[in-house]
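Chain A is already provided as a structure; the job is to place chain B on it using the hints.
In order, the protein sequences belong to chains A and B.
Just so you know, we're using this note's numbering here: the first sequence kicks off at 1 and counts up by one.
Just so you know, we're using this note's numbering here: the second sequence kicks off at 1 and counts up by one.
No lab work stands behind these hints, which were simulated from the structure alone.
Each residue gets a CB set at the ideal place from its N, CA and C atoms; glycine is no exception.
There could be a bad hint or two in this list.
Unchecked claim - With beta-carbon atoms standing in for the labels, derived distance ranges:
(1) A/23 / B/55: 37 to 43 Å
(2) B/1 / A/33: 42 to 48 Å
(3) A/61 / B/163: 39 to 45 Å
(4) A/8 / B/4: 27 to 33 Å
(5) B/16 / A/41: 50 to 56 Å
(6) A/72 / B/128: 38 to 44 Å
(7) B/61 / A/18: 36 to 42 Å
(8) B/64 / A/16: 26 to 32 Å
(9) B/18 / A/60: 37 to 43 Å
As the list claims (entries may be wrong) - Covered, in the sense of this in silico footprint (three residues per stretch, anywhere, with C-beta under 8 Å from a C-beta of chain A), are these stretches of chain B:
(10) 14 to 24
(11) 171 to 179
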Amino acid sequence: MKCKEFRDLISEFLDGEMVISIRDEFLIHLLSCEECKKEFSVYLKENIMLRKFLQDVDPPSGMLLSVINMITKGKINKEE
Amino acid sequence: MDRKLKEKIKKAAKGDLDAFQYICKRYEKKVFTFVYHLLGSHEAAEEVTQDTFLSVYWNLKNLKNIEKFEPWLFKIARNYVYQYSRKDYSKKEDFFEDGNGAKNGDVDMDYTPEEHLIKGEIGDEIKKAINSLDLKYREVFTLAVVEGYSYKEIAEMLGRSIQSVKTDIHRARVKLRKSLEKYLNEGKDEV
Chain A
1 MKCKEFRDLI
11 SEFLDGEMVI
21 SIRDEFLIHL
31 LSCEECKKEF
41 SVYLKENIML
51 RKFLQDVDPP
61 SGMLLSVINM
71 ITKGKINKEE
Chain B
1 MDRKLKEKIK
11 KAAKGDLDAF
21 QYICKRYEKK
31 VFTFVYHLLG
41 SHEAAEEVTQ
51 DTFLSVYWNL
61 KNLKNIEKFE
71 PWLFKIARNY
81 VYQYSRKDYS
91 KKEDFFEDGN
101 GAKNGDVDMD
111 YTPEEHLIKG
121 EIGDEIKKAI
131 NSLDLKYREV
141 FTLAVVEGYS
151 YKEIAEMLGR
161 SIQSVKTDIH
171 RARVKLRKSL
181 EKYLNEGKDE
191 V
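Okay, chain B solo, but in the shape it has when bound:
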């Protein structure tokens, strides 16, 4: 962790709003992405990310080890995700976007023709496959594959053993593979 961030965390813990804004700007995309991939909805991700940062502001003074800020932040986000999914559990069908791609279009990226093909033809299937995973699989998979955390960091963050994190990431891959089989097996025999 760099010195500037440490300083800002210390100041924000004392209520400095400018320092807090710096922290928010630095982490908003990371947290939003994590939450979005777990909940599958922009609206839910926005609400949960806002709650996360509010909680960070009010509780930062209780963080004992500044070095652990990032895992602490993701732990808060994760707790809100679980709370949110429990709250909306009975409406789960409506809760996830329907996979028709409307919301995917919100992601601002330039696509090569190949990427366009993936996004258009397979993107919806991938989204459905991800959303069909249990939250505990989606969580470890997103942290490892999207956020790039090591198994050890994820284990610390979630209070789990490295072995159980490893197992769940592998299971997530196996389940996704089954869901996406028809796309993945194309050309398999040509290898």
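Isolated chain A (complex conformation):
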């Protein structure tokens, strides 16, 4: 595997989308190429950082109640 191909596949690897047939080749390259190892570590760090930051966000309380109220109002208006 060439460095360019390896780098294009980093995203797939981090998302768990890499097909098994390429994975071995990918890992062999990772272990044998110092430059790509550094590159990989940067994306890995980015991934960890972003996953930490982009966590689930709590919706405001009462958000759903407003939806239910709007539906109920809508139903009443339709019936009228």
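Frame of chain A, contents of chain B only:
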């Protein structure tokens, strides 16, 4: 999809409000999170999430395959996000929160010292970097990294090819890496 959810969807499609509430409770956080990361604002996310669930209620009877409920739900949310961003496009500067972290504080989480550091010092930069991505990159990236959908599921949801989803997620990572370079390169040579 579990049996209970299927039952609730069937009932909600016939107008059962209790069943609909069950569905809303089950998905409100997921949808709100997705929308929030695309629009970068709590107020916008609230409005869009409400519109999404209203649309779900009125249109659920038209959903042909219950198994596809989740991608269908996210497709509706996504359409409202695009509508919302077009509506406010001229005010885009005000539209995104300014990255000073005030809204980040609304997220209720316990932080370790390391996480605190990330949130305080780098959090704003990450937010700016995410908001600087085109919506099409933010969308696929959020679905994959935050919501944990596979490339195949995202492709189905958005009506795109798996290859184009894959390419855009990779491009999003490359762009974010450039924006966050100074933080990411620390210790790079020590590997």
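Okay, the hints, checked on the actual structure:
1. Against the hinted window of 37 to 43 Å, the Cβ-Cβ separation of residue 23 of chain A and residue 55 of chain B comes to about 41 Å, which satisfies the hint.
2. At about 43 Å, the beta-carbon gap between residue 1 of chain B and residue 33 of chain A stays in the expected band of 42 to 48 Å.
3. For residue 61 of chain A and residue 163 of chain B, the Cβ-Cβ distance of about 42 Å falls inside the hinted range of 39 to 45 Å, so the restraint holds.
4. Taking 27 to 33 Å as the suggested C-beta distance range, the pair residue 8 of chain A and residue 4 of chain B does not conform, at roughly 42 Å.
5. Here the CB-CB span from residue 16 of chain B to residue 41 of chain A is close to 52 Å, well matched to the stated 50 to 56 Å.
6. Taken as a hint, the range 38 to 44 Å holds for the pair residue 72 of chain A and residue 128 of chain B, whose Cβ atoms sit roughly 41 Å apart.
7. Taking the beta carbon of each, residue 61 of chain B and residue 18 of chain A are about 41 Å apart, inside 36 to 42 Å as hinted.
8. Residue 64 of chain B and residue 16 of chain A have their C-beta atoms about 30 Å apart, which keeps the hinted 26 to 32 Å range intact.
9. Restraint check, residue 18 of chain B to residue 60 of chain A: a C-beta distance of roughly 22 Å breaks the suggested window 37 to 43 Å.
10. Coverage of the region 14 to 24 of chain B by chain A holds in this model, with 4 residues showing a Cβ closer than 8 Å to a Cβ of that chain against a need of three.
11. For a cut-off of 8 Å, the count of residues in the region 171 to 179 of chain B with a CB near a CB of chain A stands at 3, and the three-residue condition holds.
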